[in-house]
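In case you want the letters, here they are:
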Amino acid sequence: MSDRFDAGFEDKATDVPVRHAGSRARVLKTLTGIFSAKPDKSAIRIRLAAWVFLAVYGIIAAKLIDFGLRPDPPQSIKRAAADAVAAARPDILDRNGEILATDVKVMSVFAEPRRIIDKDEAVELLTAVLPDVDARELRERLGSRKGFVWVKRAITPKQQQEVYRLGLPGVGFLAENKRVYPNGPVAAHVLGFASLDGIGMSGLEKYIDGQGLAELHGAGFNLTPENLTPITTSLDLKVTYAVRDELAKSIVKFKAKAGAAAILDVNTGEVVAMASLPDFDPNTPPDPRDLEYINRLSVGVYEMGSTFKAISVAMALDLGKVNLRSRIDARESLRYGHFTIHDFHATHRMLSVPEVFTYSSNIGAARMALMAGVEAHKAFLYKMGQLSRLRTELPESAEPLVPKNWGELNTMTIAFGQGLNVAPLQAMMAVGALANGGFLVTPTFLKRDEEDAKKDAPRVIKPETSESLRYLMRLNAEIGTAKIANIQGYFVGGKTGTADKIIHGHYSKDKVFTTFMAILPSDKPKYLFLTLLDEPQGLPETGGYHTAAYNAGSVAGKIIERTGPLLGLPPRPDLPTQPFPLLAKLGYAEANQPAKGGGEH
Amino acid sequence: MVRILNILAIAALIGSAIYAYTIKYDTIFHAETIVKLQHEIKREQDTIGMLRAEWAHLTRPERIQALADKFLDLQVVALNQIVRADSLPGKAPRVDAIGRKLEALGLGEPTNTPGSGSIIDPAASSTPAR
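Those protein sequences? They're chains A and B, same order as listed.
Residue numbers for the first sequence follow my numbering, beginning at 1 and rising by one.
Residue numbers for the second sequence follow my numbering, beginning at 1 and rising by one.
Calculated from the structure, these hints are not laboratory results.
Incorrect hints may appear among the rest.
Below 25 angstroms or equal to it, Euclidean Cα-Cα: the simulated DMTMM-like pairs (lysine to aspartate or glutamate) are [to be verified]:
1) K178(A) with D290(A)
2) K105(A) with E54(B)
3) K447(A) with D91(A)
4) K238(A) with E62(B)
5) K105(A) with E40(B)
6) K91(B) with D574(A)
7) K178(A) with D456(A)
So the derived list for chain B, only partly shown, Cβ under 10 angstroms to chain A, looks like this [unchecked claim]:
8) M1
9) A11
10) W55
11) P61
12) Q65
13) Q75
14) S87
From a predicted model like this one, the values you see are computed outputs, not experimental measurements.
Quick reminder that beta carbons are idealized off the backbone N, C-alpha and C, glycines included.
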């Protein structure tokens, strides 16, 4: 039976090649080889198995190489999210530990476009719940081939609930850090702001990134607010607020274009308060290119006006060109080529050095600078840090505008504060050095102590010169132009400055830039106050005058009165008996007597 | 004998297996608790951060000043209102008016009041009766 069947099969096999082509016979022969159990045919079988396995492994290997070489591996959602989520930033505190900037956790909605089934429906539903998301832009983002897109950052818990209820596949939430500035615009210029992604864009926020925070984040360290040390700034929140408040009031009162005020600790160089108006709310930062919101103390450069006379007088005294008893000729206006230098409070007589200061005599200051000479003047200003860019922690700074060909005329005008544009903070640093005994301490926005500050602060003037300057500023507050800021109990010393603004290349008569510097207490200075107003207007109650004494000076007085107690300065009911011991030793006993008269100043 | 040993060995095996698994599940349980607690701590820390920010926002000088202007009938402190502690007038000598009266009446002798050794809190005793 079986034989017959076998034979029949054999028959068929032999029949086919006869009737058809020879190739078919070969295929059939191979097939019979594979399925045959005869040992002599199994070689083909083994070879075939080997080829098949080789092919399979070859495909696997090729696929592996392909995976390895593929340039853009599909990112896992978690990885993409970790890159996208705003990084944690350290808290910024004021000198008393009050929070100036901190991180809070917020929820953000994201979407995975590949997993969204109906994109148009998703856009419709999402924009219904989140009305401030632009529908067209969202549709575009969802249409992209990315694995991860943000729908909206920082939503409220209520919105989160609503989005959650939509039940859209491919839409989820992620906890993020959001930078908040609880005090709004107070200290905004110092703090700067951070972007939505947690990158510092300006101010101290940018400085923090520059200190290595950005690198840490880049290296993938998982930083949380808990393991970041807070940054303690030199600012005092309450004082800063008071300064800003008074400044804002006075800008409205004097219809000024802008204004700024700062308090500097002259011994440590700490900026205790700083305000520059108009300012911004760092929670909703403005376009950084808008020049309206620059920090007028460190980014703006201005001709500081008569406050610069303090530096000129200090130079003449320190170089021994004059002493406090010297007489300067201010009988007539000073002519130089086509130019004539006038005095605002013209006296037409010989003036003593203290009188030059209290009358704020341009002629006197110019003559004193000429006594020192152009080169010495330049060298002194360089030493005082007025000719080079002042660098603090704030990344925004400005180069002073120094005249290219500095001749005698430049020296004369710079002596009374016209012709050299410096950042007000820079001028503060110099006046601080005049007040603190002669050390040029670089201003800082971080907390530091006096030892640290004086360690690498160069001595720029003699202690006697510093004391003379303190005496002159005190005298000026008693009988001179700074009377308005002579707050009883604080032994204030001050200097006004009114610079004519340059409009279309000419000094304007009615547009001025007024500054005021005050030190207190004058016998042992602790703080230097600066106020400046851009284009203040004369008011009926100031007799129509727009000079510094009436506006910047009055603001300074108000700021001193209000912030003195906050700064922990006890008002003294009596004047100190020996405020200037060095001057007394040098034979200027009158320095220790309260000055009288000067009504006409 | 051998059978007993075998039974004992099996019992020991089962016992140790049970023990090992108990430890394993305990560990898993504890690990889960730790993770849960860590999440809770994280949540608490986030809440603290949020509350700190909120506190700072609510106590910002701007708001406090506005509220003080609205609700408090206070003036800005003037500098002449601030004096040093040592410039305050000295304390007046203590006058014991009742004692003097008693002395004048000739009753100055100490009396044995019950509980005289105990200190009476003046703040507590001065609470007005309603």
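Consistency of the hints with the structure:
| no. | hint | result |
| --- | --- | --- |
| 1 | K178(A) with D290(A) | 24 angstroms, holds |
| 2 | K105(A) with E54(B) | 12 angstroms, holds |
| 3 | K447(A) with D91(A) | 14 angstroms, holds |
| 4 | K238(A) with E62(B) | 9 angstroms, holds |
| 5 | K105(A) with E40(B) | 14 angstroms, holds |
| 6 | K91(B) with D574(A) | 23 angstroms, holds |
| 7 | K178(A) with D456(A) | 38 angstroms, violated |
| 8 | M1 | 58 angstroms, violated |
| 9 | A11 | 48 angstroms, violated |
| 10 | W55 | 8 angstroms, holds |
| 11 | P61 | 4 angstroms, holds |
| 12 | Q65 | 7 angstroms, holds |
| 13 | Q75 | 12 angstroms, violated |
| 14 | S87 | 7 angstroms, holds |
Comparing the model with each numbered hint stated earlier shows that hints 7, 8, 9 and 13 do not hold.
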